[in-house]
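Trainee: Sequence:
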Amino acid sequence: SQFKVEKPKPIEELIRKDLRLTVDNPEDLVVCRKLYSEFKHYSPRISVLELVKYLDKNPSLKELVYPLTESGYKTMYL
Numbered sequence: 001s002q003f004k005v006e007k008p009k010p011i012e013e014l015i016r017k018d019l020r021l022t023v024d025n026p027e028d029l030v031v032c033r034k035l036y037s038e039f040k041h042y043s044p045r046i047s048v049l050e051l052v053k054y055l056d057k058n059p060s061l062k063e064l065v066y067p068l069t070e071s072g073y074k075t076m077y078l
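In our numbering, the protein residues as written are 1 to 78.
Relax, there's no trap hidden among the hints.
Simulated pairs of lysine-lysine, DSBU-like, Cα-Cα distance not exceeding 35 Å:
#, residue 1, residue 2
1, Lys53, Lys4
2, Lys40, Lys57
3, Lys40, Lys17
4, Lys62, Lys7
5, Lys17, Lys34
6, Lys57, Lys17
7, Lys7, Lys17
8, Lys53, Lys9
9, Lys4, Lys17
10, Lys34, Lys53
11, Lys34, Lys57
12, Lys34, Lys62
13, Lys40, Lys62
14, Lys53, Lys40
15, Lys17, Lys62
16, Lys9, Lys40
17, Lys40, Lys7
18, Lys9, Lys57
19, Lys34, Lys7
Computed Cβ-Cβ distance ranges for the label pairs, DEER-style:
#, residue 1, residue 2, range
20, Ile11, Lys40, 21 to 31 Å
21, Val5, Pro44, 22 to 32 Å
22, Phe3, Asn58, 32 to 42 Å
23, Tyr36, Tyr66, 13 to 23 Å
24, Pro59, Ser1, 39 to 49 Å
25, Ser1, Arg33, 38 to 48 Å
If you are wondering where the hints come from, they were derived from the structure by calculation, not from laboratory data. Note that the structure is a prediction, hence the values are computed from the model and not measured. Think of the CB as a built atom: it goes at the ideal place given N, C-alpha and C, for glycine as much as any other residue.
Could you build the full structure based on these sequences and the hints that come with them?
Mentor: Written out as structure tokens, the structure reads:
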């Protein structure tokens, strides 16, 4: 094979089943827009770890997408 495929392991703080950062549903879009409005000054290099910390400090955003997290993980090909 010409290509070497690697699957890097995320840092422990990013292995979370209570969060999702995707835009599959309207609730996801609300969360992503809020995150971007808070972190756009770091764009294009916004730290995922900082986003997670922000979500932990703002539980109302996490609660918005929490009902979607369980079904989302069941459909992932990891």
